[in-house]
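Participant: Which chain is which? The protein sequence lines are A and B, in order.
If you read the first sequence in the numbering used here, its first letter stands for residue 1, the second for the next number, and so on.
If you read the second sequence in the numbering used here, its first letter stands for residue 1001, the second for the next number, and so on.
Any given hint could be a false lead.
Cross-link-like lysine-lysine pairs, in silico, DSS-like; alpha carbons within 27 Å at most [unchecked claim]:
no.	chain 1	residue 1	chain 2	residue 2
1	A	K241	B	K1243
2	B	K1205	A	K229
3	B	K1206	A	K229
4	A	K258	B	K1098
5	A	K229	B	K1271
6	B	K1328	A	K171
7	A	K151	B	K1137
8	B	K1276	A	K241
9	B	K1088	A	K107
10	B	K1295	A	K251
11	A	K251	B	K1328
12	B	K1088	A	K155
13	B	K1295	A	K160
14	A	K241	B	K1239
15	B	K1328	A	K241
16	A	K258	B	K1276
17	B	K1243	A	K258
Calculated Cβ distances over 10 Å to all of chain A for the following chain B residues [claimed, not checked]:
no.	residue
18	G1041
19	A1050
20	S1054
21	M1152
22	K1187
23	D1193
24	S1194
25	K1205
26	K1206
27	I1220
28	I1277
29	D1294
30	D1312
Simulated from the structure, these hints should not be mistaken for laboratory data.
Source: prediction; values computed, not measured.
Backbone N, C-alpha and C fix where the C-beta goes; we use that ideal spot for every residue, glycine too.
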Amino acid sequence: MLKIALCVKQVPDTTDIRWTENNTIQREGVESVINPYDVYAAEFALKIKEDLKDVEITVFTMGPNQASDMLRKLIAIGCDKAVLISDRKFAGADTYATGKTISAAIKTELPDFDLIVCGQFAVDGDTAQTGPCIAEFLNIPQVTYTQKFEKVDEKSIELKRIMENGIERVKTSYPVLICVLEGKFEPRRPTINGVKYASKQEIRICDAQAIGLEPEQVGLKGSPTYVSKAFRNMSNHNAQKFELSTDESVKLLNERIKSMEVENA
Amino acid sequence: MPNSEYTGIMLYAQLTRENYIHTVFFELLEKAHELSQKLGGAEISAVCFASPDSIEGFRGAFENMGVNKVYYFEDKRLQNYSTEYYSKLFTNLVNEVKPEILLIGATNQGRDLAPRISSALHTGLTADCIELDINEKGLLAATRPTFGGELMATILCKNYPQMATVRPNVFKVHNVNYHVNTEFIKKDTSILDSLTNHVEILEFKKTVENEINNLDNADIVVAGGMGLKNEKGFELLQKFAHKIGGIVGATRPAVENGLAPHSVQIGQTGKTVRPKIYIACGISGAVQHTVGMDKAEHIIAINNDPNAPIFDIADTGIVGDFFEIAQKYIEM
Chain A
1 MLKIALCVKQ VPDTTDIRWT ENNTIQREGV ESVINPYDVY AAEFALKIKE DLKDVEITVF
61 TMGPNQASDM LRKLIAIGCD KAVLISDRKF AGADTYATGK TISAAIKTEL PDFDLIVCGQ
121 FAVDGDTAQT GPCIAEFLNI PQVTYTQKFE KVDEKSIELK RIMENGIERV KTSYPVLICV
181 LEGKFEPRRP TINGVKYASK QEIRICDAQA IGLEPEQVGL KGSPTYVSKA FRNMSNHNAQ
241 KFELSTDESV KLLNERIKSM EVENA
Chain B
1001 MPNSEYTGIM LYAQLTRENY IHTVFFELLE KAHELSQKLG GAEISAVCFA SPDSIEGFRG
1061 AFENMGVNKV YYFEDKRLQN YSTEYYSKLF TNLVNEVKPE ILLIGATNQG RDLAPRISSA
1121 LHTGLTADCI ELDINEKGLL AATRPTFGGE LMATILCKNY PQMATVRPNV FKVHNVNYHV
1181 NTEFIKKDTS ILDSLTNHVE ILEFKKTVEN EINNLDNADI VVAGGMGLKN EKGFELLQKF
1241 AHKIGGIVGA TRPAVENGLA PHSVQIGQTG KTVRPKIYIA CGISGAVQHT VGMDKAEHII
1301 AINNDPNAPI FDIADTGIVG DFFEIAQKYI EM
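Starting from the given sequences, assemble the full structure and let the hints guide the process.
Facilitator: The following block contains the structure:
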């Protein structure tokens, strides 16, 4: 059996941002959605399951209790088990502490994994770092910027990934961590049976102690970076707005382009 | 507090497949000179992974750009990027040289490599910075957009080296000449004998459309959003861009809806561009997009919704129908 750890994240709706006193993001009580790139990662894992059949997908997420709804939805569309890594002590974790925490949870809960699948980015932080951090802490290879898999079997997987100026086709054995960048598909809808099944599944909850981490290794304390200051992003363009006829608009457009004295215009 | 054991600024000099130094290195280098001055003349070093006997070709570039030391690894096994090989050698080098700051360009390769190194070194890494400075305590103050660009956060690091990545096109290059004697230091690669590279490259296909490079260096970018509705809208955008002499870009929703490839996506989770003219067509102006283009010299927006947020940041905002205006412009 191929064992997949699928790592997902709930992200706050980026139009509704609140900050804590420590200048970290207030996550509780904010409307949350599954990170879009993690939807691609889930699809990637579920496609492997469709191809190989004998596959078990365990979803891992780090977050508050409300994240269990997202975990149940993922079970309803075909994932098998779910682990919620949750502890107040995890608050304020940067990518280093997050990578350490998730890797410790995988080590404890799914030590014989073959594949770890993550989204390439999370749209809230957009660091693209957590995946590689997990891989480093588990000392396994990684393939980032993955477009899709071309072949998969019990021993290895062939992938297409996007690198500077081109596309690489690579082959790797297990264990490996894969970060998924793209997904072109219709989102899966859970079946009624899937929802019923998911509602009966127990979601395993792990705190810091359960995964063998000390309080000073996690959250803000375990993070080498910290936010010293946060401020609003201001534009320095002078907004001028024109409501003109089409002809006048075209004329204005042409004038503005010519006035910039761009060589090839 | 600065730790005297760690000194100097180290930069990753990524070599491309065509064997030239990636432009983001020169952008980082210019910023490094500024930081070096603020640190009282900290040494600037570069790290290079090269194929055998190829480093000589770069000597002039490093000397004229004021790099004090180049640490390089020459080995056949390093010809193609390997996460496992590069990160191991890089990590060992940092442990030996102990720079106080380590900067890496946020190319796909840099973003693959940097978090492996920072995790192995148990230090912090701030991604996609738009500004780097030295604070009053002599620490690296790295500023980056967060939450889709809504907010800027200045981040400090408790450990050493203080690491940061910066996307291409964020810092400007002024081509100052320095003329220093660069010391080239060849590093041992024999540790590779005891390592395995698990990810085997079967094939590399250069992207046919040269948009990737073109978009990075374009003087004019003509970008489309969901206001262009469908493929027809993007066909018109292409013709419009061609007439103006610009390169096509797109927003994330347009890319997600299959109207344009990810390689031309601008904004958060896409590219950062800084052209002379940026023409936003049918783009509402979500911060997730504008964070990747607000460094353009002149922003023109065409949108039929007079209340679209894009007008708040456009130098020239044209309220009107893109299809009519573009069609007329093409026929002009």
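Participant: Tell me the hint numbers this structure goes against, listed in increasing order.
Facilitator: Going through the list in order, the structure violates hints 2, 3, 4, 6, 7, 13, 21, 25, 26, 27, 28, 29 and 30 and respects the others.
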